[in-house]
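Visitor: Each chain, written out:
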Amino acid sequence: MRRSVKTGMEPGTPVYVGIQRHEAVRIDAMVYDCETCESYVDVPLERLEGLKSHEGVLWLNVIGIHDVDLVRSVGEIFGIHPLTIEDIVNTSQRPKGEDYPGYLFCVMNMLTYDDVARELDLEHLSIVAGRTYVISFQEKEGDVFDAVRSRLSQGKSRLRQMGADHCLYALMDAIIDGYFLAIEKIGDGIESCEDDVFEHSDSVDLAVIHQYKREVIAFRKSVWPLREAISFLEKSDTPIISGDTRMYLRDLYDHTIQVIDMLEGYRDILGGIHDTYLSLSSNRMNEIMKVLTIIATVFIPMTFVAGVYGMNFEEMPELHWRYGYGICWVVMIAIGVSLVVYFRRKRWI
Amino acid sequence: MRRSVKTGMEPGTPVYVGIQRHEAVRIDAMVYDCETCESYVDVPLERLEGLKSHEGVLWLNVIGIHDVDLVRSVGEIFGIHPLTIEDIVNTSQRPKGEDYPGYLFCVMNMLTYDDVARELDLEHLSIVAGRTYVISFQEKEGDVFDAVRSRLSQGKSRLRQMGADHCLYALMDAIIDGYFLAIEKIGDGIESCEDDVFEHSDSVDLAVIHQYKREVIAFRKSVWPLREAISFLEKSDTPIISGDTRMYLRDLYDHTIQVIDMLEGYRDILGGIHDTYLSLSSNRMNEIMKVLTIIATVFIPMTFVAGVYGMNFEEMPELHWRYGYGICWVVMIAIGVSLVVYFRRKRWI
Amino acid sequence: MRRSVKTGMEPGTPVYVGIQRHEAVRIDAMVYDCETCESYVDVPLERLEGLKSHEGVLWLNVIGIHDVDLVRSVGEIFGIHPLTIEDIVNTSQRPKGEDYPGYLFCVMNMLTYDDVARELDLEHLSIVAGRTYVISFQEKEGDVFDAVRSRLSQGKSRLRQMGADHCLYALMDAIIDGYFLAIEKIGDGIESCEDDVFEHSDSVDLAVIHQYKREVIAFRKSVWPLREAISFLEKSDTPIISGDTRMYLRDLYDHTIQVIDMLEGYRDILGGIHDTYLSLSSNRMNEIMKVLTIIATVFIPMTFVAGVYGMNFEEMPELHWRYGYGICWVVMIAIGVSLVVYFRRKRWI
Amino acid sequence: MRRSVKTGMEPGTPVYVGIQRHEAVRIDAMVYDCETCESYVDVPLERLEGLKSHEGVLWLNVIGIHDVDLVRSVGEIFGIHPLTIEDIVNTSQRPKGEDYPGYLFCVMNMLTYDDVARELDLEHLSIVAGRTYVISFQEKEGDVFDAVRSRLSQGKSRLRQMGADHCLYALMDAIIDGYFLAIEKIGDGIESCEDDVFEHSDSVDLAVIHQYKREVIAFRKSVWPLREAISFLEKSDTPIISGDTRMYLRDLYDHTIQVIDMLEGYRDILGGIHDTYLSLSSNRMNEIMKVLTIIATVFIPMTFVAGVYGMNFEEMPELHWRYGYGICWVVMIAIGVSLVVYFRRKRWI
Amino acid sequence: MRRSVKTGMEPGTPVYVGIQRHEAVRIDAMVYDCETCESYVDVPLERLEGLKSHEGVLWLNVIGIHDVDLVRSVGEIFGIHPLTIEDIVNTSQRPKGEDYPGYLFCVMNMLTYDDVARELDLEHLSIVAGRTYVISFQEKEGDVFDAVRSRLSQGKSRLRQMGADHCLYALMDAIIDGYFLAIEKIGDGIESCEDDVFEHSDSVDLAVIHQYKREVIAFRKSVWPLREAISFLEKSDTPIISGDTRMYLRDLYDHTIQVIDMLEGYRDILGGIHDTYLSLSSNRMNEIMKVLTIIATVFIPMTFVAGVYGMNFEEMPELHWRYGYGICWVVMIAIGVSLVVYFRRKRWI
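Protein chains in written order, with our numbering: chain S, 946 to 1294; chain P, 946 to 1294; chain R, 946 to 1294; chain Y, 946 to 1294; chain V, 946 to 1294.
Worth double-checking, as some hints may not be accurate.
As the list claims (entries may be wrong) - Cβ-Cβ distance ranges computed for the label pairs, FRET-style: (1) V:R1094 <-> S:E983: 56 to 62 Å; (2) S:D1060 <-> Y:D1213: 44 to 50 Å; (3) Y:K1085 <-> V:S1098: 55 to 61 Å.
Hints were generated in silico from the structure; no laboratory data involved.
The beta carbon of each residue, even a glycine, is placed where N, CA and C say it ideally should be.
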C-alpha cells in the first residue's frame, strides 16, 4: 500500500503502509540484568504487562507491523503517543530521532544487500526506548540482531551490565554495522564495473551503472537523516541516556559519517565511470569511423579513374596507347598511395 | 491577470492576480465545540458578525477570492491587516507563515494532479487563524477538505475536542496529504518513463521528460517555502498554538520533509533518465552507422576492381586470360572477406 | 567611464563611473505632511537649506549624478558622509543597505525592460533617508516613481499620513514593482523560446538563449544583494524606521524573494531549453544521417553488381545467357530489398 | 623554490619559497604626521631603531623578501613573531588577516595584468601594522603604491591627518584598486572572446578560453580569502584600528565583494562561451556533413542506373531503343530531382 | 581485512582492519626535557610503566597496529578508553580529533606519493596526547618523523623546551609537511597532463586523468576532516594544550586550508583537462571526417559522369562527337572545381 491511502484520515491514525503481508505477527522478549537473562519467544499480549513491571531491562522485539491493532495494543501498554504509533507502522517514514515524554523514539532503515537479486533490501525499523525497556518494531522475520542476542545471553558482556539506553545503542550499532556489509558489497560491484570500463568498454551495461547510482542514492537517503537522528539523541538532555552511552553514541555518529563518506566516494566514482564510459565508447566509435572512411576515401578517386576509362567515347587516345593500361594502374595506385601518405602525415592513421 | 497589474498601486491594495473568474463567491461556515456542530452554506456577509461572537470554534471557508471587496469586508470584520488581505488575493504569493497581532497567517498551494490533462493543478490557499476562528480562502469550488468536514460532523473525533489551532493544523494536514497523492501520480509517470528508456528508447519523448522536470520544479517551489512556514508556526511563541498542536505541527513538518525527499529523489531519477536516454540513443545510432559504414566499406574496393576491368584499354591482358573472369571474382570476394575478417578481429562487428 | 579610473584616488573621492552624459542635472522636490503637499521642479541649490528646515517630510529627487560637484554640495547640506557620496556617483556599486550616523543609505538598481532594443536597462539609484527627508539620486530622466508622486498629491493616501521612512519604503516598493514588469517581459520571451524548441528547433537561435541567460544573471545580480539590504533595513535598530514601516519592509522582503524565485525558475527553464535544444537537434541530425546512409548502403552493393557485368572479360558466361540481363536485375533488386527488410527488422527505418 | 623545501624544518623557520632572485633587497621609509613628511630610500638596518622611535607614523616598505635574514632582522627590531616572519617570506601563503599581540598581520596578493605576456601577474605582499608603524613586504621592485606615496607627500590629504591604521587601509585599498584594473583587462579579453564565438566560431581557440578560466580561478583564489581577512580586521576588537578606519574597511570589504561578483559573472560567461562554442561548432559540423551526405546520396542511385546500362549483357533491349539514352537521362534526373524534393519536404535542406 | 569483519562484535572491541601484516610490532621511545634527551628502540612492554613515570616528556612511537593485544596493553598502561583503542587499530577510521578525559586523541592519514608505483600511499596514524606523554601509532616501518627526531636530539630546538602538547603539534606538522610533498608530485603529473592535452591530444590516456581524479578525491577525503580536527584541538578548552601551542595549531590549520585550496585547484584543472580533451578530440575527429567527406563528395558526381558515358546505348550522340572525350573531361573537372570552390566559399575547407 502507498502513503496516499492515509489521505483524509485523522492524523495519528496508524495505517500500515508497505508490502501486504499475511504472516502472523510475533513478539519476542528478553529480560536481563547483570545476573540473569531470560528469553521468550512469541509472547502473548496479556503477558506484556507482567514483563513490563519485571526488574531489569526488557527488550521487546515485535516482528511484523502489518497487524496495526497489535502494534497499537503494545503502544497502549507502554504509553506510546498515537503519532509514534503512526510512524511505527508507516514504512515510508524517513529516519529520525524524537524525544517524547517518557521515551525516546528512533526510526531507521535496516539495509541488507541481497546477493541473489543483486539489489538493496530496505526494511523499516523503529525503536522505542524508555527507562527500563526497549521495543524494536521490524517489518518481517530476519534481522541483524543475532550478535546482540548472543552478547545478551553471555553473562560477562558489557551490554548486560548496563541499562536500556545501552541496549538501544547496541541495536542501532548492529544496524549500522550491517550498513558496512551492504556498502562493501555495492562497492565491490562498482569497482568491478570500473575495471570493466577501462578494459573492454563493450561489456558494460549502462542499466547496471544506473542501478548502482539509484542504490547509492537510496542508501544515502537512509543514512543522511540518520546522522541527524543520532546527533539528536547524543545531544538531547533526556535523562534516559546516560553519560557513558552518550560517548558510544558519538562513536556511532562517527560511523554514520564514515558510511556517508564512502557513499559520496562511490557516487563520485560512478559519475567518473559514466563519463569515462561515454568518452571511451565515443573514442572507439570515432576510431572505427575514421578507418572506414579512410578506406572509402582512398578508393573513391581510384574508382573514378577506372570509370573514366570505362567510357565509350570513340576518340579516347589513351585507350590506344601501348602502355595505357599499365599507366592507368600506375596512376590509380599513385593516387591511393599519395592519399594514404597524406593521411599518415596528418597523423590520421 | 499578472502580478504586474499591481504596479503603481498603494502597497496593501488588494488586487486579485490570477485567472479571471465570474462565478459568485460563496462563504461556507462550520461552528463546533465538543457537543454540537452546525454547518452553514452560503452565509451572507451580515451574519458573519453573529457567527464570530458565537461560542465554540468557527471555521469559515471562503470559495473564490476574485471578489476582492468581499474578501476585504470579511477581513474588516475579523480585524485582518491590509497586507494580509493583499496576500490573500494575490495568487502568485509564495507559501509563507506569518505572525500578525491577534492571528496567524499562512499561505499554501493546494496541489492536485489532473489525470486527464496530465498536469499539476495549483490552487492558491490562505488560512487566517485566530483564537476562536479559522478562515480559509480558496480560489475555486472543490478542495481536499471533505475528510476534515466529515471528521467535524462526527462527535467523537479528536478535532471536535480541540481549539481553532487544531483546525488550522487539520486543514494544513489535509493539503499535505493531497501532496502525497499528487506526487505518487507524478512518480508513477516518471517510473514508467524510466522503464521505457531502458526497454526501447525510441518511444520516449523528450518533451515528456521536460514536462515532468518542470512539474517537479513547480512542486518543489510550493513545498520548499512551506517547510519554513510550518517550522515558523511550530516555533513561534504565539499563544494561539497550544503545546499539543505544536507536536502535531512537528509531525506535519516531518511530512513536508518527506515530500521534499521524494521530490529530490524524482529529480535525480529524471536527471538520470535524461542522461541515459542520450547515452542509449547515441549508442544505438553509433551501432547503426557502424554497420552501414562497414557494408559500404566492404563493397567499395570490390566495386573498384569491377571498375578496372570495365575499362576499354586495347591492351588489357587479364581480359583475355582463360579464367580471367573467375579469378576476378575470386579476387573481389577475397578482398571483401578479408575486410570482414579484419573488422571482426578488431571486434568492430 | 569604468571603475578603474578611480585607481590611485583618495578613498572617498567621488568619481562618476558610468556612461558619459551631458544633460543638465536637475533637482525636484516635494514637501508634504497630512495636510499640504507642495511640489517643486528644478530647485536651485541655494533653496535646499530652506526646504530642509521646512516642516513635514521632504523628498528630494536628484536627476543626473554625473555632476559630481552638485551631488557633493547636496551631500554637504544634509551632512552625508564622503563614502556615501562616493557610492552615490559610482554606478557600478552593487545594491546594499547601510546605517550611517543620522541617516540610512540604500543602493538599488532600477530595472526596466526595453521592448525595442529587447534588452534589460539597468539604472543605478541611491536613496538617503533621514528623519525628515528622503533624497533619491538617479542617473537620468525617467523613472518608476510616477505612482508615488500621484499618491503624494492625493490628500487621503496612507503615504501622506506617515513619515520619511514610509516614503523610503514607497520608493523601494515602486522599484521592485518595476522588477515584476521587467521579469514578466523576459519570462514571455523565454516561454516563447521554449515553445519554439519543441515545435521546430531550427528557428531557435542559441545566441538568443545565451542573451536571456545573461539577462537573468544580470537581474539576479541586482536582486540577490537587495534581499540582504532590505533585510538589513528591516532588522536594524535605527530609530529612523518605525514599527509599522518595518511590517511593510517585511512585505517588501517577501516580494524580493518572489522575484528571486521567479529568476531561479527561469534559469532552470533556460538550462532545460538549452539541453533539450541540443538533444533534439542531435536527434534530428541523427535521423537525417541515418536515412541518407541507408539509401547509400542499399545502392552500393547493387552498383557493385552492375559494375561486375560492365567488365570486359572475354569469357563471361552470364553475359550470353538468354535471361542474363533479367536475372541480373532480379539479383540487384533482391539485394536491395533484402537490405531494406533487414534494416526494417532491426527497426532502423 | 617550492613549498616542500620546508619539509622537516622547525615550524616558524622562515624559508623563502618563490622564484629565485638575486637583486639586492631595499628598505624604503616614509615618516609623517600632520605637519611634516620625510621620505628615505634604501635605509640601512641600523637606522630602523631610530625611525621606529620617531614621532608620527612610520611606513616601511621592504622590497625583496628573498633575503630571509634581513626580513628576520627587521622582524626582531619590531618584535614580530617567528610565525609571522615565516608567512612573510612564504610566497605561497594564502591571503589572511591575523591579530598578534601588539600588531595586526595581513597577507594579500598584488595582482596586475601583464598586457604583453597576456597573463595575470601575482605578487605576494604582507603588511604588519602596529600602533605607530606599518611595514609592507613585497617580492620585487614595482608596486601599486605610487598614489599612496603622492598623497602622503601632499600636506592636505586625509591620510596625513590620520594614524597607522589608516595607512594600512590605504595600502590595502591601493591593492584592491589594482584588482579592478586587472579584472577589467581580463574582462575585455573574455568579452571579445564571446563576440568571436557568436560571429565566427572557427577563430576561437579553446586554449584561450581555458587560459581565461584558469586566470579567473587564480584571481578568485586571491580574493575569496581576502574577503574573510578584511572582515576579520573590521570586526576584530584590536585597539590598533580606530572607529573611523573601521568604516573605511567596511567600504573595502564592499569592494572585495564587488570584485568577487565580477569574477563570478565572468566565470558564468566563460562557462556559457564554452557551451555555446561546443554547440555552435557541432551545429556547423552537422550542417556540413548534412549537405555533403545529401550530395552523395543523390548521386549514388543515379550512378547505379548508369552502371546498369554499362553492363555488357548480350540481350539488353533498352540499349537498342531509339530514345533509350534520352529516357535513361530522364530517369536519372527524375531520381535525383525527386530525392532533392523529398529532402526539401522533410526540411533537411 | 575489511570494516565488515567487525559486524556483530561488541562495540569497543578492537579489531585490526587493514592489510594483513606479519612483521613484529616495535615500540620506540624518546624521553626528553630541556636538558637531556634519551632515545630507546624496541622497548619491551614491561618498561613502559617506568618510562611513563619518568620526568620530562615521553614520546612513544608504536610501529605496527596489527598486534591488537599489544596496542590494548599499551592502552591499559596509559588509561586509554576502549573506544580509542578501537579507532587506533581501525585503519579505515576517518581523521578526527577528540577530547577524552585525561588525553586528546587525534586520527590522521600519513600521505606519501610513491614515485615508482605512481600512486598515493595512505597510512593510518593515531596520536594520543596526555599531559606528559605523546603516543603515536603507525601501521608500518617508515614515517615522516625523522626531522622531529633530529630536532629532539638537538639541545637548542624549541621543541625540547616545551611540553607534550608541542610534541603533538610537531608530529602533526611533520605529517602536513608531507602532504605538501605528495601534492606537489601529483600536481606535477597533472600539469604535464595538461600540457599534453593542448599539444597532442592523442597521447593522453583517459585512465590517467581518471586516476589523478581519484587521487585528488582520496587526498581530499583525508584532509577535509583533518581541518575540523585541528580546529577542534585549537578551540577545545582542554588544559593539555597551552596558549602558545594554540597559536602554532592555528598556523597548522592555515596549512591545511592551503592544502585544500591546492586540491580544489587541481580538481578544477582536472575537470578542465577532461572537458578540453573531449572538445579537442571531437574537433580533430570532425576535422578529419570533414576532409574525407569532401574528397568523397567531389568525386562522386564526377564518377557519375564517367558512369554515364560508360553506358552501352546504341544511340549516344556525345560518344561520336569529335571532342566528346575532351568535353567530358572538361565537364568533370568543372564539376569538381566548382564543388571545391563552393565549399571554400562556405569556409568548409
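Visitor: Work down the list of hints and note, for each, if the structure agrees.
Guide: Each hint, compared with the structure:
no.: 1; hint: V:R1094 <-> S:E983: 56 to 62 Å; verdict: holds (58 Å)
no.: 2; hint: S:D1060 <-> Y:D1213: 44 to 50 Å; verdict: holds (47 Å)
no.: 3; hint: Y:K1085 <-> V:S1098: 55 to 61 Å; verdict: violated (39 Å)
This entry does not satisfy hint 3, going by the numbered hints stated previously; all others are met.
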